[in-house]
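Work out the full structure, taking the sequences as your base and the hints as a guide.
Take a look at the letters that make up each chain.
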Amino acid sequence: MALTAKFTKRLGKFRLQVDLAAESGAPLALLGASGSGKSVTLKCIAGILRPDSGRIALDGTVLFDSETHIDLPPQRRGVGFLFQQYALFPHMTVRQNIAAGARGLKGGERNRRVEALLARFRLTHAAERRPGQISGGEQQRAALARLLAAEPRAVLLDEPFSALDSFLRWQLEEELRETLAGFPGPALWVSHDLGEVRRNCPRVCVLEEGTSAPARDMGELLADPRTVGAARLTGCRNFAPVRRGTGSGTVEVPGWGLTLRAAGPWREGVTTLGVRPESLHPAAAGEENAFACEVVRVTEDIAAMLALLRPKGAAADAPTLWMALGKERWASLPDKKGLTVAVRPQDILLLTDSL
Amino acid sequence: MDWFPLYNSLRIAAVSTVLVFFAGVCAAYYVARMPRLVKGLLDAVLTLPLVLPPTVVGYLLLILLGPRRPVGAWVLERFGVRLTMTWWSAVFATVVVIFPLLYRTARGAFESFDETLAQAGATLGLSNTYIFWRVRMPVCRQGILAGTVLAFARALGEYGATSMLAGYTPGRTATISTTVYQLWRTGDDAMALRWVLVNLAISAAALLALNFLERREGGQKSWR
Numbered sequence: 001m002a003l004t005a006k007f008t009k010r011l012g013k014f015r016l017q018v019d020l021a022a023e024s025g026a027p028l029a030l031l032g033a034s035g036s037g038k039s040v041t042l043k044c045i046a047g048i049l050r051p052d053s054g055r056i057a058l059d060g061t062v063l064f065d066s067e068t069h070i071d072l073p074p075q076r077r078g079v080g081f082l083f084q085q086y087a088l089f090p091h092m093t094v095r096q097n098i099a100a101g102a103r104g105l106k107g108g109e110r111n112r113r114v115e116a117l118l119a120r121f122r123l124t125h126a127a128e129r130r131p132g133q134i135s136g137g138e139q140q141r142a143a144l145a146r147l148l149a150a151e152p153r154a155v156l157l158d159e160p161f162s163a164l165d166s167f168l169r170w171q172l173e174e175e176l177r178e179t180l181a182g183f184p185g186p187a188l189w190v191s192h193d194l195g196e197v198r199r200n201c202p203r204v205c206v207l208e209e210g211t212s213a214p215a216r217d218m219g220e221l222l223a224d225p226r227t228v229g230a231a232r233l234t235g236c237r238n239f240a241p242v243r244r245g246t247g248s249g250t251v252e253v254p255g256w257g258l259t260l261r262a263a264g265p266w267r268e269g270v271t272t273l274g275v276r277p278e279s280l281h282p283a284a285a286g287e288e289n290a291f292a293c294e295v296v297r298v299t300e301d302i303a304a305m306l307a308l309l310r311p312k313g314a315a316a317d318a319p320t321l322w323m324a325l326g327k328e329r330w331a332s333l334p335d336k337k338g339l340t341v342a343v344r345p346q347d348i349l350l351l352t353d354s355l
Numbered sequence: 356m357d358w359f360p361l362y363n364s365l366r367i368a369a370v371s372t373v374l375v376f377f378a379g380v381c382a383a384y385y386v387a388r389m390p391r392l393v394k395g396l397l398d399a400v401l402t403l404p405l406v407l408p409p410t411v412v413g414y415l416l417l418i419l420l421g422p423r424r425p426v427g428a429w430v431l432e433r434f435g436v437r438l439t440m441t442w443w444s445a446v447f448a449t450v451v452v453i454f455p456l457l458y459r460t461a462r463g464a465f466e467s468f469d470e471t472l473a474q475a476g477a478t479l480g481l482s483n484t485y486i487f488w489r490v491r492m493p494v495c496r497q498g499i500l501a502g503t504v505l506a507f508a509r510a511l512g513e514y515g516a517t518s519m520l521a522g523y524t525p526g527r528t529a530t531i532s533t534t535v536y537q538l539w540r541t542g543d544d545a546m547a548l549r550w551v552l553v554n555l556a557i558s559a560a561a562l563l564a565l566n567f568l569e570r571r572e573g574g575q576k577s578w579r
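Residue numbers (our numbering), protein chains in the order written: chain A, 1 to 355; chain B, 356 to 579.
One or more hints might be untrue.
Stated by the list, open to error - Beta-carbon label-pair distances, calculated as ranges: (1) Asp-353/A x Leu-397/B: 43 to 51 Å; (2) Leu-405/B x Asp-353/A: 50 to 58 Å; (3) Lys-6/A x Trp-429/B: 44 to 52 Å; (4) Trp-488/B x His-69/A: 29 to 37 Å; (5) Lys-394/B x Gly-235/A: 41 to 49 Å; (6) Lys-394/B x Pro-265/A: 54 to 62 Å; (7) Arg-388/B x Glu-220/A: 39 to 47 Å; (8) Glu-128/A x Ala-369/B: 30 to 38 Å; (9) Trp-429/B x Arg-15/A: 53 to 61 Å; (10) Ala-378/B x Gly-107/A: 33 to 41 Å.
Worth flagging that the hints you see were computed from the coordinates, not collected in a lab. Glycine included, each C-beta is placed from N, C-alpha and C at the ideal position.
Dropping the structure here:
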């Protein structure tokens with residue numbers, strides 16, 4: 001079973017251009033910064049917004065097709081939507097909310113389904129309470145139960161944890177993962193949180209300023225994000241203009257006055273070099289891609305020290321570099337004012353501005 | 356004491372409020388989703404009776420419904436019914452005067468309604484009718500209820516347009532407000548005061564009921 005969506009939608013100056021396919025089995029992540037069009041994408045698939053052109057299909061059922069003028073209303077799409085703030089009906093109890101999702105069923109069968117879902121999502125004790133009287137975690141479970149009560153053929157999750165604090169998030173992620181593992185249809189999981197995506201979705205589709213990139217494996221995306229936007233989304237913090245070097249496999253960063261060796265091939269349109277803060281480390285004797293730096297500032301993070309570095313010989317307006325280093329390793333450094341750091345050739349990311 | 360004015364005022368207010376409830380909610384729902392320019396224009400037109408003097412409203416209605424005016428003459432000829440000077444003539448006047456009160460409060464309530472609730476309902480397969488009556492209306496209940504009570508209270512106090520359309524015929528078209536005026540004009544101060552007290556009591560009760568409803572609603576929401 002698969003959900004395919006290829007469409008465009010213009011909203012004022014913003015132009016959304018999406019091409020993705022989610023298979024059943026494991027959720028496909030839609031990763032993007034805020035304002036990149038993630039929510040609009042989901043709303044177009046669910047039928048809440050109408051794309052300008054394109055085609056959306058689910059298991060061979062056409063949900064939207066601008067050419068044949070098919071545009072099923074949300075009611076007939078069979079697409080479940082978990083909203084950011086859950087959108088539980090505030091005047092109904094948890095039981096009534098779930099029953100509203102199961103309205104297609106007859107009395108007895110409906111009651112059985114509602115009871116089963118209440119039990120499965122551990123909501124029996126809260127069945128008679130209203131959404132405003134239960135915890136954030138219970139709200140999420142109630143919204144999931146209500147969604148599944150309608151027996152959707154595909155599920156869309158819009159930032160499912162943005163309304164929760166971080167400890168709850170951790171617990172609920174496990175539950176949501178299990179729920180989705182038991183769901184037979186495709187699922188699309190929208191997030192801006194790399195960790196959340198890494199833990200839950202093996203495949204990722206990056207959405208950058210309204211344009212979606214082809215879906216890739218998570219590990220592959222981290223190793224080679226390809227664009228500056230994707231690199232930013234995957235935790236890269238250091239960027240500098242780059243050009244192709246004269247030696248084979250080398251690149252030049254004029255701002256830093258450096259020539260470095262990169263493992264990846266030079267691609268057409270590369271403008272920027274990216275280095276993750278964790279990829280920088282104090283150079284071992286004789287290590288390649290080593291360069292001397294001045295330490296501008298040091299900040300203590302939870303698990304690491306963050307050092308802001310300026311390469312010796314860098315131009316005045318050249319970008320600085322963040323290095324993240326384990327605290328013990330940092331403490332053992334003899335000189336904390338200046339040090340020679342290195343980056344492995346495979347950790348040098350060669351990036352284009354856009355797709 | 357002849358209680359007819361009380362009975363007449365209550366039935367005029369009740370009928371008008373029911374009519375305005377449906378018309379106002381309907382108008383509010385559709386105007387709230389109009390593009391901005393049309394919305395501003397319609398809003399001005401629909402709110403106009405709120406700022407016009409009731410006598411102007413009465414005058415305009417007489418131009419339309421009077422026995423020698425187009426609509427009034429047609430109805431008189433076709434059905435043999437005069438649209439003015441009956442108890443229900445006051446309903447025309449009252450409906451126009453109280454419409455903006457309900458329309459505006461309902462529109463405010465609809466505009467602050469969280470649309471994702473309706474969207475969630477649609478993705479769950481709920482019909483638009485169900486979403487309107489079982490989700491949108493109950494969630495906006497407080498605002499709409501407040502507007503309804505306010506409209507009812509105002510309907511009880513309507514004088515200007517009512518007196519022009521229905522006049523003052525004791526036992527036929529007299530309302531509390533027209534009775535008070537007549538009694539005062541004819542120098543029957545004691546009787547006028549009685550009706551004033553009746554009117555005060557009803558209006559106060561309506562507003563207290565409104566407060567009570569709001570507090571109960573508020574209490575439910577803040578409990579966590």
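Each hint, compared with the structure:
no.	hint	result
1	Asp-353/A x Leu-397/B: 43 to 51 Å	47 Å, holds
2	Leu-405/B x Asp-353/A: 50 to 58 Å	56 Å, holds
3	Lys-6/A x Trp-429/B: 44 to 52 Å	59 Å, violated
4	Trp-488/B x His-69/A: 29 to 37 Å	30 Å, holds
5	Lys-394/B x Gly-235/A: 41 to 49 Å	45 Å, holds
6	Lys-394/B x Pro-265/A: 54 to 62 Å	57 Å, holds
7	Arg-388/B x Glu-220/A: 39 to 47 Å	45 Å, holds
8	Glu-128/A x Ala-369/B: 30 to 38 Å	36 Å, holds
9	Trp-429/B x Arg-15/A: 53 to 61 Å	56 Å, holds
10	Ala-378/B x Gly-107/A: 33 to 41 Å	36 Å, holds
In this structure, only the earlier hint numbered 3 is contradicted, and the remaining ones agree with it.
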